[in-house]
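Student: Chain A is already provided as a structure; the job is to place chain B on it using the hints.
Taken in order, these protein sequences are the chains called A and B.
Going by the working numbering, 176 is the number at position 176 of the first sequence; the sequence numbering is gapless.
For any residue, its number in the working numbering is found by taking its place in the second sequence, counting from 1, and adding 1000.
What the hints contain is simulated information worked out from the structure, not anything from laboratory work.
Glycine included, C-beta positions come from ideal geometry on N, C-alpha and C.
So the derived label-pair ranges between C-beta atoms look like this:
(1) B:K1352 - A:N585: 15 to 25 Å
(2) A:M293 - B:E1355: 47 to 57 Å
(3) A:T334 - B:K1317: 39 to 49 Å
Partial pick of chain B residues on the chain A-facing surface, computed with a CB cut under 10 Å:
(4) Y1260
(5) L1318
(6) D1364
(7) Q1383
(8) N1391
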Amino acid sequence: MVINLKNKQIRNFCIIAHIDHGKSTLADRLLELTGTVTKREMTSQLLDQMDLERERGITIKAKAVRMSYQHDGEVYELNLLDTPGHVDFNYEVSRSLAACEGALLVVDASQGIEAQTLANLYLALDHNLEIIPVINKIDLPNADPDMVRGELEELGLDPNEAILTSAKTGQGAEELLQAIVERIPQPGRQIEAPSRALIFDSHYDPYQGVIAYVRVMEGRLAPGMAIRFMASHSEAEIASVGVFRPAMEPVDALAAGEVGYVITGIKDVRDCRVGDTITQAQGGATEALPGYMPAVPMVYCGLYPVENDDFTDLREALEKLQLNDAALVFEPETSGALGFGFRCGFLGLLHMEIIQERLEREYNLNLITTAPSVVYNVKRVSGEEFSVHNPAQMPEPHELEEITEPYVHATILVPSDYVGPIMELCQDRRGEYRTMEYFPGSRVLLHYNLPLSEILLDFFDKLKSRSRGYASLDYEYIGHRASKLVKLDILLNGNAVDALSCIVHQDKATVRGRQLAEKLRGVIPRQMFEVPIQAAIGGKILARETVRAMRKDVLAKCYGGDITRKRKLLEKQKAGKRRMKQLGNVEVPQEAFMAILSIDE
Amino acid sequence: MNKAGVYVHIPFCLQRCPYCSFQSQAIGSLSKDAREELFSEYIEAVKKEANLWQLDFAPSTLYFGGGTPSLLGAHLGPMVRWLRERFALDGGSEITVEANPATVGRDDLVSLVQSGVTRLSLGLQSSHDSLLTTLGRLHTWSDFLRTWSDAREAGFENISLDLIYGLPGQDSCLWRQTLEDVLALRPEHISLYALTVEEDTPWAALAQDIFPLQDDVASEYELACQLLSERGYEHYELSNWALPGKESQHNLLYWTGGEYLGLGAAAHSYLGGSRVWNSWPRERYLAQIARERRPLNWRWALPQAWGSWGGLAGGEKLPFAARRAEALILGLRLVGGVDLETFSAKWGLDPKWQEQIEILVQSDLLATEPLRLTPRGLLLANQVFLRFLEN
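Chain A extracted, bound-state conformation:
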């Protein structure tokens, strides 16, 4: 039995690709070819299950599927680990990579490599994975496989080993499966050793509790085993283990080298974190698998119900989302302007947008989201040190000894024609140039140190517009650094609105204040009275704009007694009003709270 297990041929791999380079479609073809899913069952792009994922064309959470493939008389068990394709989820990607022996590097034949793909490729190389380059979308008229081969060579990969595919037509998929079994090494199968299993993802199921997605590195996991989570120190008993084909299918045990799921009855994803190691409760491993990091929110924003009565519903919705998302943190806060709400922490902007959209869509909440901000570390003159998650809570300038803000190492891959404008953008955003690398196909990889807060400010859109959409970005946190920062306050109708405060660099404060006031004038609709908008720092007014009073709002003509139509028009108008937040007697739309993110420079 044990020998038989040991002889089983296993290949664990994941797919590294940029958004839109065809990862999900390629995965679909592999599932079809191996008979895991029939064509009929195939809803397009099976691995992207959430509506949001499908709409945005990106994978948010990693998943795993087991396939069986016959080659030269041998049956292979192929485990495909899907990885999220966004910088917010880099840590999840790294854990998925750590669970594999190989990776398919999928590159669009017409687009070439992008910054995020590059970052993930380096991650995969760090984990000593066997890389199979895949040049996809070769059916497109502007496909240029040779250009991509050149790029691969530059990256130290063998361009002749690249496999040409069209995930759309299925061309090259069979050849790819052969390469997977031939080139990716068999995982280590030390079944007798103390068990160590890496959790690379998890999700919460209302009936079964937390389902952990694991790769068993050594030993085995079976129902009835008492286990310990080495980082969270929680303990549990395994209720069942199994694999995804792609539906969940229980098995007797998961042994070293295998990928599958573990159900323990744990109810909280925070007790079962991605990157944690599972071992036996008694006589287990002494050392956890390397690389665990607790999820640290990088971006915070305030979430407030438009109607104060919805506060409890919002809390319940956040609690439910948190069951499935260990990276989401929140705590109640009070805003003078917005009332009761929550300060929420996220891995990044995309993570924030996803949560916000799910709250509105799945929980039918009408929300005001304040502009995202980073975590500032503050030292008072008194020597007291603390973190500020909400710009409104930044102490007054005279109380401050020092403020530090998070910096990232950003890598930007851009065609050399656009290097100038992109470097200019980085300088504008207080970037610190590090180095640049040249790529074939006349592309340049720029390295900058940038304050994370500057990346939150519309950086990605600016990057795209200054490079005609060609530039791509990746970044990683490198630590906090001291900066000359000040709090910019906004006053509406003479009253400071805490939810509109933001932290800006001292040198840019006046310009930003003016731009923000101007932007708000365009965003805040005209009211029954004139509304002055002022930008101020520490009580000093920097800029003033005015939203003039509304003069005319009336439905003139009535067609032959059609009162119903008139009422419906009024109802529509009222519904629009209801989405706005009442600040004193000023009605403010959601866009106003995000105005700081999109001011024109």
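Tutor: Leaving out everything else, chain B in the frame of chain A:
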């Protein structure tokens, strides 16, 4: 008993105006014979519809709207007579026909007066030929003047003129001049409509910046208010002015909760607290009417009949609170406002209103006793209505 009226929709125009979203069909390219056939078929259907309704109300107004009712020409007189008889309208009734200056001849006008039409509503829109061209109108200022004197000579003593302001290329000078041109004729009634660009019209596709700023349009309204008041016109509804005693009795029904029966394609009715509307396009209406054989006693059968009986396409009967709010909103369209005591006797007052009224009075949008829009509130009426709207 509440007052009541009958509305007849005539859904034909020579050509569609690019700003208009009302239900009508352009027939300018049809031959005279083809038009005659259309008219006869349509009038027969309207008569059949009128006979299907078993009504116990006594209307005192009859209104032909459109479209362009005057296009019916010689058909119109007999139709008016038939309807007067059907609904027992006596000599004191207000009977209005909408007409376009380019589509109505002197003989037609004489025949209308002889048939008992008491009021003519002319779609003048502007006294400037360049603006009339912009509007896609087929008449000129001088065409209108001819129709005007024909109408007076035919015996019309109650004529209403429609004007539009807020037009591309219309500054306050041109607007003042149009008002002066019109006031010189001393019509009994004047309706002024700010241009509203409706989504389903050709003008919706035009660049927004060709239209005047809403602030300037507001000034044009204020200019008209002042000028018309100086010349003895009473501002009795948001968009309507009249010489004393010449208010449109039919249109007042809409704002005062009066009942009205709408006949013809796309016509709207308000009967027994229900609002119902007929089918559009015309062919669907005609087919429905042709099939129908069951008379309807509306007092008990109306809600069940929505969408399934006669020419109806649908209807609604709002919950009590919504009807009450609607009654208040409609009443506030009248410049004289709503006497809350009378209103309360009929409907009762919603306790939520008190706070809203206080806010609106503080904002100089409403005045009390009677509850009415202030001059500023007239221009911001929607902002007032929204506070009373249910849901």
